[in-house]
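Undergrad: Sequence:
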Amino acid sequence: MDDIGVLLYFVTYLDWDLLAKTKKEDFDLAIIQLLFDLVARYETRYKTLPRPDFLVDELKSNLQGRLTSVESSYVVQFFERWMEQSYSPEDQPYLADKVVQWLKRKRVTRLIRQADSLLKRGDVDKISDIAKGISYIDRQSAPIVNHTSALRERMEAWKRAYTKAGVPSPLALGQFTFLLPGEVGAICAPPKIGKTFFLIWMGSYAVVNAQARVLHFTLEMSAMEIGIRYDLTFANQFGMRSICVSDYGMRYQEIEPIVSSFLQPPAVLLQVDVSSYAATPTLLESKFDQACSTLGSKPDVVLLDYLNLVHSERVRDQSHLFSVGADIIEWLHSFAKENQVAVWTVARASREGIRAQETVGARLKGSDIGQSYAFLYGLDHVVVLSDVTKGDAASNRSSTILDVSLVYSRRCPPFYGLKVEIDYPYSRFFVPPRSRRYVEGALSNPYKDLQGVIPFRKDE
3 MDDIGVLLYF
13 VTYLDWDLLA
23 KTKKEDFDLA
33 IIQLLFDLVA
43 RYETRYKTLP
53 RPDFLVDELK
63 SNLQGRLTSV
73 ESSYVVQFFE
83 RWMEQSYSPE
93 DQPYLADKVV
103 QWLKRKRVTR
113 LIRQADSLLK
123 RGDVDKISDI
133 AKGISYIDRQ
143 SAPIVNHTSA
153 LRERMEAWKR
163 AYTKAGVPSP
173 LALGQFTFLL
183 PGEVGAICAP
193 PKIGKTFFLI
203 WMGSYAVVNA
213 QARVLHFTLE
223 MSAMEIGIRY
233 DLTFANQFGM
243 RSICVSDYGM
253 RYQEIEPIVS
263 SFLQPPAVLL
273 QVDVSSYAAT
283 PTLLESKFDQ
293 ACSTLGSKPD
303 VVLLDYLNLV
313 HSERVRDQSH
323 LFSVGADIIE
333 WLHSFAKENQ
343 VAVWTVARAS
353 REGIRAQETV
363 GARLKGSDIG
373 QSYAFLYGLD
383 HVVVLSDVTK
393 GDAASNRSST
403 ILDVSLVYSR
413 RCPPFYGLKV
423 EIDYPYSRFF
433 VPPRSRRYVE
443 GALSNPYKDL
453 QGVIPFRKDE
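Numbering (the working numbering), first residue to last: 3 to 462.
Hints should not be assumed to be uniformly reliable.
[What the hints assert, rightly or not] Below, computed lysine-lysine pairings styled on DSSO-like, alpha-carbon distance capped at 27 Å:
#1 Lys100 to Lys25
#2 Lys108 to Lys25
#3 Lys300 to Lys289
#4 Lys26 to Lys106
#5 Lys49 to Lys26
#6 Lys194 to Lys421
#7 Lys62 to Lys106
#8 Lys108 to Lys26
#9 Lys100 to Lys26
#10 Lys106 to Lys25
#11 Lys289 to Lys339
For the record, the hints were derived by calculation from the structure and aren't laboratory data.
Produce the complete structure using the sequences and hints provided.
TA: As structure tokens, then:
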């Protein structure tokens, strides 16, 4: 494969892994370097393949002076081959291997060319960097760059500011006081209320404050949607710089480290996108093993979004919720125990069940809140969310106030009616002003020692 063939691969397939590993310096001619740079910037920014006319416009606006005859011939050849090529999706694995071979050949050639002069200058580190670049080509994902030092001061400032105005959160994962390895917890709520926001908030908190290794399975939302929500949560809830794609190389693949470049080791956030599959325990275990290989060790926390989409392999009739739920929970507990990971998941519950929960209150049992909770038996922790924003007021708001209730916990006493406001556009959580007295009173014990912090929302 030649340089133009590599360019054609990148305008035909969205391959974030190879795109991140390929540098414009790998191409020989300046005009090909410019074309690759334009393609890479376009795909990274817009998350789609460029059209020829768009690329022509970008090329015109970025050219400095006129093209030489040699450069013109390369540009014409590239666009002619682009118009004539007829690659299919089935061709991608073969062509990707060809790109990897081309990339290795280019890196080795460059290393040989530069080694002599670099050794004469004593620049051994440069040789080592080039050699490392060759070894990274075979890995599943591009190396994670650690930007911890640049953001450590901002993180410390956030902690100081939020600790003064914050309140203890019953969902803390600071030292796994709420969920230990081998335990399974579920966040239950009606559809479209904010279950995934809670799950993402917990994952963000675990990696920032506990330096945990978190693995997030995406069963419903796409990897891009989950990545964007993590981006917003880190930027707006935790006061960090918003994740810039060009700075951090955020990519959306089936198994991908996301927004982990500035986290303090050993913290890492890894997502596994299985939204295009029919999720079964066997599939999830297989992807878990692949993720562990990418991570280099087992994670501390597994987030599963969401439980209802896991299909039993032993129960054929999926209409029997009790049987299917028991089957899945049995597997989930075995999975958590065997791998010694803490598992949090979200699960859809009926509105009738939520109303029953509000009626029963502190005397709530799993059997009281409807058939939707059949699969909850055997869980170690159960959190129920219900929307308290009613009528037209709810439809006109960009945020929702939820009742958060810990209806069951193996190690903590239950609580009911904690008001939490989710600011959807910014993926933030607040305790509304009217809940301040409840939080300072009812939740002061035994949760005062937990490290989770949800800030108070100031009166507007």
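Undergrad: So, for every hint listed, does it hold in this structure?
TA: Results for each hint:
1. Between Lys100 and Lys25, the direct Cα distance comes to roughly 16 Å. Compliance with the 27 Å bound is thereby established for this hinted pair.
2. Our distance criterion of 27 Å between C-alpha atoms is met by Lys108 and Lys25, whose separation comes to about 11 Å.
3. Restraint check for Lys300 and Lys289: satisfied, since their Cα atoms lie roughly 12 Å apart, inside the 27 Å limit.
4. The hinted pair formed by Lys26 and Lys106 meets the criterion: a straight-line CA distance of about 14 Å does not exceed 27 Å.
5. A hinted pair counts as satisfied when its Cα atoms are at most 27 Å apart, and Lys49 with Lys26 qualifies at roughly 19 Å.
6. Between the alpha carbons of Lys194 and Lys421 the distance comes to roughly 18 Å, so the proposed pair stays at or under 27 Å and holds.
7. Between Lys62 and Lys106 the CA atoms are separated by roughly 31 Å; this puts the pair beyond 27 Å, and the hint is violated.
8. A distance of roughly 11 Å separates the Cα atoms of Lys108 and Lys26; the hinted pair therefore holds under the 27 Å criterion.
9. As the CA atoms of Lys100 and Lys26 are separated by approximately 17 Å, the hinted pair is consistent with the 27 Å bound.
10. Proposed proximity of Lys106 and Lys25 is supported: the alpha carbons are some 12 Å apart, at most 27 Å.
11. As the CA atoms of Lys289 and Lys339 are separated by approximately 17 Å, the hinted pair is consistent with the 27 Å bound.
In terms of the numbered hints stated before, the structure departs from hint 7 and from no other.
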